[in-house]
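Undergrad: Using the sequences plus the hints, can you model the full thing?
Here the protein sequences come in this chain order: V and H.
Letter by letter, the first sequence follows residues 1 to 67 of our numbering.
Letter by letter, the second sequence follows residues 1 to 462 of our numbering.
It should be emphasised that the hints constitute simulated quantities derived from the structure, not laboratory data.
Predicted model only: the values in this text are computed from it and were never measured.
Where hints are given, some of them may not hold.
Chain H regions said to be covered by chain V (calculated; three or more residues, Cβ under 8 Å) [to be verified]:
no.	region
1	72-79
2	108-115
3	191-204
4	236-250
5	345-351
6	411-422
7	427-437
With a Cα cut of at most 25 Å, we get these calculated DMTMM-like pairs of lysine to aspartate or glutamate [what the hints assert, rightly or not]:
no.	chain 1	residue 1	chain 2	residue 2
8	H	K394	V	D52
9	H	K331	V	E25
10	H	K322	V	E25
Covered stretches of chain V, as calculated for chain H (at least 3 residues, CB under 8 Å) [as the list claims (entries may be wrong)]:
no.	region
11	8-15
12	31-44
13	48-57
Glycine residues also receive a C-beta, built at the ideal position from the N, C-alpha and C atoms.
Listed here are the chains, written in short residue letters.
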Amino acid sequence: MAEPFEPAQYVPQAAGSVGLTIAPEDLADVISAFSVLARVAAQVMAATLPEDIVAAAVFAPDSGETQ
Amino acid sequence: MSGAASASAIAAAVRSGKRSAKDVVRETLDKIRLEDGVINAFTAVRQEGALADAAAVDEAYAAGRDPGPLAGAPFAVKNLYDIAGLATIAGSRIDRDRPPASRDAALVRRLRAAGAILVGALNMDEYAFGFSTENTHYGPTRNPHDRTRIAGGSSGGSAAAVAASLIPLSLGSDTNGSIRVPAALTGIFGLRPTYGRLSRAGMRLFAASIDVGGPLARSVADLAIAYDTLQGPDPEDPACAQRPPEPISHLLGRGLDGVRIAVAEGYFASQGAAEVFAAVERFAAALGTSRRIELPAPAVARGAAMIVTSVEGAELHLDDLKARAADFDPKTRARFLAGALAPGAWYSHAQRLRRWYCQAMSEVFKTTDVILAPTTPYAAFPIGQIWTEIGGAKLPVAGHLGVFTQPLSFAGLPTISAPAAPSGSLPLGIQIVAAPWREDLIFRVAAAAESLGAAQSHAPAP
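TA: In structure tokens, the structure reads:
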């Protein structure tokens, strides 16, 4: 079973992976914003999709096909 | 006759020689100078250039040449559109350092080629990441109906300038609701076209796989003539469809015969103020509609839209986030930084979910042509408000404004936000939604609603 996710630990660690330095005065706000995203993402990731559903390279709203 | 007149009326007067374009533009510039200090819709005014363009229109008329279908009609654009000679600031302090644009954005060029006169650039949320146009760098844009309240966003300047009758027509952009939300909160019409319908070349994008540009106006006729002018393929925008223009202005009087309309229920009838849902009911009743429809998974679609937006927006600005994060607006900075840290699986799954969602929405359109839904969950709130409470839940008051717009744009659907006939002191909007590429249907419904009095742009109280 996965460990409970802690945005306060993840945010400073992940920032380094993309070369970002988060100023101390911004850190609480970034953790808060990331927590919102993580809550939303949990709902999105819980939606199971058939394997044949592919993302479009260029999004075309009516084709359902990769362009 | 200037900002208070419609673009169509101005063009008719200029094309028949009853008014000179130069007089119209002079009046417009005077009105902006006198009245925009409070509204704060404009971030740049094109004084000399606009007068020179107007003179060229008048010369064309005098020489017997066609000055264009929008001859002499003033317009302005959200300041993420390139305007030749100006830096495209996109609501930011950072982009003030960019060199001036060498030419106009494609949609600006198309309006100017039709004789419309570009008079300036309009305020917005920084990099379009917001719904309230409470821009820290350039100040908040105020709602002409109540100047203590927001005008909505992120195309807040585009909506407020039209609602205040400073100009008859503007361009905005819409990722998650940024044309529809401010149009609704200021009581005007706003069009989000099908994703890929209009060229975005020369626009500073936010989330490229969702972004569109589109017009805002006080009447369906003006919205239609602008839309017809803006259409056409453009190889400079890789997302712009290779479709010939499909004009719709001549369809506006066609009525509702054969159009199957339904009101979105469930998700779209909760999470908002009672007056909003009452406005939708009145609007539907005026159109003779009693059908209801439940749309597939709107909450999940909204969540996926938030992920796609956050990730694409953050990646676009990653270099500046690394080098000068402190120069971002405090209202966007943390959200951009958070988006840069999202795992790749979130983004990929959200984009795959989007394909599934489009297919599910296609099923809906087999039995329904047009969907009605509220544009926002409440009317404009006071500038500076942070939180609201809906059904006992504490929510960010600006972020929640997109609850009804985000799921629909995620499927790329064409939508008009139409101003509901006034029932209270503040405007509300109704979304009129159709299948991809069926702008003809939403224009027909909007025109019918306008002629029935169900949709009505109304002037702010003096």
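Undergrad: Just to be careful, I want the Cα atoms of K322/H and E25/V compared with a cutoff of 25 Å; is the pair within it?
TA: holds, 15 Å
Undergrad: Count the residues of the region 427-437 of chain H with a beta-carbon closer than 8 Å to any beta-carbon of chain V: does the count reach three?
TA: Satisfied; 3 residues make the cut.
Undergrad: Taking only the CA atoms, is the gap from K394/H to D52/V under or equal to 25 Å?
TA: Cα-Cα ~39 Å, so violated.
Undergrad: Holds or violated: the region 8-15 of chain V covered by chain H, criterion of 3 or more residues with Cβ-Cβ distance under 8 Å?
TA: holds (count 4)
Undergrad: Establish whether the coverage given for the region 345-351 of chain H by chain V is satisfied; the threshold is a Cβ-Cβ distance below 8 Å, and no fewer than three residues must meet it.
TA: holds (count 6)
Undergrad: Report holds or violated for chain V covering the region 108-115 of chain H, Cβ cut-off 8 Å, minimum 3 residues.
TA: violated (count 0)
Undergrad: The region 48-57 of chain V covered by chain H? Criterion: 3 or more residues, Cβ-Cβ distance below 8 Å.
TA: With 6 residues close enough to chain H, the hint holds.
Undergrad: Closer than 8 Å, Cβ to Cβ, for at least three residues: run that test on the region 411-422 of chain H against chain V and report holds or violated.
TA: Answer holds; 3 residues pass the 8 Å Cβ test.
Undergrad: Examine the region 236-250 of chain H: at least three residues should have C-beta closer than 8 Å to a C-beta of chain V.
TA: Satisfied; 3 residues make the cut.
Undergrad: Per the coverage rule (Cβ-Cβ under 8 Å, at least three residues), is the region 72-79 of chain H covered by chain V?
TA: It is violated, with 0 qualifying residues against the three required.
Undergrad: Going straight from one Cα to the other, do K331/H and E25/V come out at no more than 25 Å?
TA: Status holds; Cα separation ~14 Å.
Undergrad: Is the coverage entry for the region 191-204 of chain H by chain V consistent with the three-residue Cβ rule at 8 Å?
TA: holds (count 3)
Of the numbered hints stated above, those contradicted by the structure are hints 1, 2 and 8, listed in ascending order.
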